Amino acid sequence: MVIVAGAIPAPAQDEYIRREAEQAEKVAKSKESDDFVVAPIPILNPTLGAGLALGAAYLYKIDEGSYPSVTGIGALYTDNKSKAIAIGQSANFKGNDWKIIGGFGAYDLNLEFYGVGSGAGDDDRFLPVNQQGWFGGVKALRRIKGHWYGGLSFAYVQVESTFDLSGLLPGGFVELPSDVEFDSAIATLGLVGEYDSRDNQFSANTGSLLKATISTANENIGSDFDFTSFRISYNHYWSFKNSIVVAARGSGCAVPGDAPYYALCKFGVFPDLRGYVAGRYRDETMLAFQGEIRWHFSKKFSAIGFAGVGRVAKSASDFNFEHLLPSVGTGIRYLLSPKNGLNISLDYAYGKDSDAVYFFVGEAF
Numbered sequence: 001m002v003i004v005a006g007a008i009p010a011p012a013q014d015e016y017i018r019r020e021a022e023q024a025e026k027v028a029k030s031k032e033s034d035d036f037v038v039a040p041i042p043i044l045n046p047t048l049g050a051g052l053a054l055g056a057a058y059l060y061k062i063d064e065g066s067y068p069s070v071t072g073i074g075a076l077y078t079d080n081k082s083k084a085i086a087i088g089q090s091a092n093f094k095g096n097d098w099k100i101i102g103g104f105g106a107y108d109l110n111l112e113f114y115g116v117g118s119g120a121g122d123d124d125r126f127l128p129v130n131q132q133g134w135f136g137g138v139k140a141l142r143r144i145k146g147h148w149y150g151g152l153s154f155a156y157v158q159v160e161s162t163f164d165l166s167g168l169l170p171g172g173f174v175e176l177p178s179d180v181e182f183d184s185a186i187a188t189l190g191l192v193g194e195y196d197s198r199d200n201q202f203s204a205n206t207g208s209l210l211k212a213t214i215s216t217a218n219e220n221i222g223s224d225f226d227f228t229s230f231r232i233s234y235n236h237y238w239s240f241k242n243s244i245v246v247a248a249r250g251s252g253c254a255v256p257g258d259a260p261y262y263a264l265c266k267f268g269v270f271p272d273l274r275g276y277v278a279g280r281y282r283d284e285t286m287l288a289f290q291g292e293i294r295w296h297f298s299k300k301f302s303a304i305g306f307a308g309v310g311r312v313a314k315s316a317s318d319f320n321f322e323h324l325l326p327s328v329g330t331g332i333r334y335l336l337s338p339k340n341g342l343n344i345s346l347d348y349a350y351g352k353d354s355d356a357v358y359f360f361v362g363e364a365f
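Using this note's numbering, read the sequence shown as starting at 1 and increasing by one per residue.
These aren't lab readings, by the way, just hints derived from the structure by calculation. A quick note: this is a predicted structure, and the numbers were derived from the prediction, not measured. Please note that a few of the clues may not be correct.
[Unchecked claim] Derived DEER-like restraints, expressed as beta-carbon distance ranges: (1) Lys299 / Gly257: 20 to 26 Å; (2) Asn320 / Lys61: 48 to 54 Å; (3) Lys299 / Asp79: 52 to 58 Å; (4) Asp355 / Lys145: 27 to 33 Å; (5) Asp97 / Asn320: 31 to 37 Å; (6) Asp199 / Asp79: 37 to 43 Å.
Glycine included, each C-beta is placed from N, C-alpha and C at the ideal position.
Make the full structure from the sequences, and use the hints.
What follows is the structure in structure tokens.
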């Protein structure tokens, strides 16, 4: 698990690796600089099941005016026999004018493939799929002006997918292979833009965060597929009476072209939206919107409520009010680091014909 793997635009089935890896980074950054920390993080989500992620990180400041940089290594294992290991580096320097993030890792995940499109997810039928491979990537951002950053990214992901077809066999009428394997790789180059005016990177009370990425995969850079992906998200935060925070988030994804199933837009990839198995609903485009109220009722504890809605579709012209996917839930927070505003979080979310419990460090968004 890469301590800074959140910067790597890997396929979304790796998003949970990224998410759990980010937790180790968040715990690490809450400590004093020039420090070594080990962070055990429980995993509880509807995609990988229950397990444990363990991250170790060394924090240090390259220069006094910058956020701490992090060098880390980590691993995870869950009760459905999914596992991953990775190393990563996050460097902030020149008074935070530069941010460079990169990492490398390997994974072996047991997932569920429901098909493509809203109808496939509604059918509640899936094929077990094992995905193995490795990934690596780097992202470099330079401050343009004020809160604006721009930069480039590169990522490479190798995926070996094995589908278990035993559930489709006709009971001995004819002999069929029990599994089918597909090997592929994706290499992407991307343009990245960010705007970040949040007052706290772990649990914002005011400000906003905008992220936009345009990435292209091409055979000329080592990819087995040619396609372009567009991803954008915007978070905004309002504070009322020092005890109430209202947060709103909108996100969109479009992956037209010759993209493999695992690179499509996926509903339920944390945090868009909670309450769903990641990838149960997937297609070439996705929109998701959600709001959250956070009530700090004591110095250490907060209660939250959230709701959202979204959907996937073949293209933007197919979006309508049919096949909407709702999400609603509640949660509690415990303030782990008062100095940094870092919380331990427990959420329960209910979606369309499904629910989920999440335990993580930090906020959903």
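Next on the checklist: I'd like to know which numbered hints this structure contradicts. Please list them from smallest to largest.
Outcome noted: When the structure is compared with the hints, numbers 1, 3, 4 and 5 turn out to be violated.
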